[in-house]
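Chains A and B, in that order, give the protein sequences. If you read the first sequence in my numbering, its first letter stands for residue 1, the second for the next number, and so on. If you read the second sequence in my numbering, its first letter stands for residue 1, the second for the next number, and so on.
Heads up, some of the hints might be wrong.
Identical chains blur together in the list; that is why a pair holds if it fits in one copy or across any two.
[Said to hold, decoys possible] Here are the computed lysine-lysine pairs in the DSS-like style, where the Cα-Cα straight-line distance is at most 30 Å:
| id | residue 1 | residue 2 |
| --- | --- | --- |
| 1 | Lys109 | Lys67 |
| 2 | Lys3 | Lys21 |
| 3 | Lys55 | Lys73 |
| 4 | Lys3 | Lys55 |
| 5 | Lys3 | Lys79 |
| 6 | Lys21 | Lys109 |
| 7 | Lys97 | Lys109 |
| 8 | Lys109 | Lys3 |
| 9 | Lys109 | Lys79 |
| 10 | Lys73 | Lys21 |
| 11 | Lys79 | Lys21 |
| 12 | Lys55 | Lys66 |
Just so you know, these hints were derived from the structure itself, not from any lab.
There are 2 protein chains.
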Amino acid sequence: MSKNLEVSALLDFYGQMLTDKQREAVEYYYNDDLSLGEIAENIGISRQGVRDSIKRAETVMFDMEKKLRIAEKTRMVQKSLDTIRANINIIDERNMKIYRSDVINESIKVILNELGKLDSE
Amino acid sequence: MSKNLEVSALLDFYGQMLTDKQREAVEYYYNDDLSLGEIAENIGISRQGVRDSIKRAETVMFDMEKKLRIAEKTRMVQKSLDTIRANINIIDERNMKIYRSDVINESIKVILNELGKLDSE
Chain A
1 MSKNLEVSAL LDFYGQMLTD KQREAVEYYY NDDLSLGEIA ENIGISRQGV RDSIKRAETV
61 MFDMEKKLRI AEKTRMVQKS LDTIRANINI IDERNMKIYR SDVINESIKV ILNELGKLDS
121 E
Chain B
1 MSKNLEVSAL LDFYGQMLTD KQREAVEYYY NDDLSLGEIA ENIGISRQGV RDSIKRAETV
61 MFDMEKKLRI AEKTRMVQKS LDTIRANINI IDERNMKIYR SDVINESIKV ILNELGKLDS
121 E
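Chain A with its partners taken away, still in its complex shape (with noise of 0.2 Å):
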């Protein structure tokens, strides 16, 4: 059974959406790396068990992905939070060494604030 690194990824997404014992195969399979054998062992099932039950998780996970797109907007939203931080570093940088405004410097300031929430999420 081929790994898919994609895997990992909607499992952060969509873990509330599977079973408990699709939830633990997985994570067992993909975060700790342990052998469907290993996995067979610790929750009780076959190993047969454990190789369908991440089967299924996988076919419901990206299922859910193509519909509903989180893991990819999430992404795409990360990569707009960076560039809108790098362009607040500059405008701060700026702001510091030239033109010392404690406006602008409030307003950098909050805004790093929101940034640090979003990343969070």
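Once you've looked at the hints, dock chain B against the given chain A.
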């Protein structure tokens, strides 16, 4: 059957997860404000069938929002983006009036462009 204003919002995020019939019924009911009888006539099923489709669709969408929180997160992101935009405007105004820095102006343009992209997401 009482209307829940949240349903229209959820439809934007989770509409793709409904069956065609469910989505059609919910759109007619919540977005176009048709009566159950009118919807029944339009899509050629019974009035009770329409009611069941809508109830089922609502359950699916509320369950998904409880687990995935896309609508809630989107609202939080939108609020942060509004605050960022308001503060970029403050910086822009200050820069235009007093400092006239091309570097700051250029960074502001880039940021506003990214905010525009994020709004259309």
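Between copies, within a copy, both or neither: which fits Lys3 and Lys79 at Cα up to 30 Å? Classified as within; 26 Å inside a copy, 38 Å across copies.
Go through the copies and call it for Lys79 and Lys21: within, between, both or neither, with a Cα cutoff of 30 Å. neither (34 Å within a copy, 37 Å between copies)
Same-copy or cross-copy closeness of Lys73 to Lys21 [CA-CA at most 30 Å]: For Lys73 and Lys21, both the intra-copy (28 Å) and inter-copy (27 Å) Cα distances are at most 30 Å.
Could you place Lys109 and Lys67 in one of the four classes (within, between, both, neither) given a Cα distance threshold of 30 Å? neither (37 Å within a copy, 33 Å between copies)
At 30 Å max between alpha carbons, let me know whether Lys55 reaches Lys73 within a copy, between copies, both or neither. So Lys55 and Lys73 pass the 30 Å test inside a copy (24 Å) and across (29 Å) alike.
Between the shortest in-copy and the shortest cross-copy C-alpha distance, which are at most 30 Å for Lys3 and Lys21: within, between, both, or neither? within (19 Å within a copy, 36 Å between copies)
Please sort Lys97 with Lys109 into within, between, both or neither, judging by C-alpha distance up to 30 Å. both (16 Å within a copy, 21 Å between copies)
First find the shortest C-alpha distance between Lys21 and Lys109 inside one copy, then the shortest across copies, and answer within, between, both or neither for a cut-off of 30 Å. neither (44 Å within a copy, 49 Å between copies)
At most 30 Å between C-alpha atoms: does Lys109 with Lys79 qualify within a copy, between copies, both, or neither? Both: 20 Å inside a chain and 16 Å across chains, each within 30 Å.
When no copy is specified for Lys109 and Lys3, does a C-alpha distance of 30 Å or less occur within a copy, between copies, both, or neither? Neither: 42 Å inside a copy, 42 Å across copies.
Is the C-alpha distance from Lys3 to Lys55 at most 30 Å within one copy, between copies, in both cases, or in neither? Cα proximity of Lys3 and Lys55: one copy only (11 Å, versus 39 Å across).
Have a look at Lys55 and Lys66 and pick one of within, between, both or neither, based on CA distance no larger than 30 Å. Close inside one copy (16 Å) and across copies (25 Å); limit 30 Å.
Of the numbered hints stated above, those contradicted by the structure are hints 1, 6, 8 and 11, listed in ascending order.
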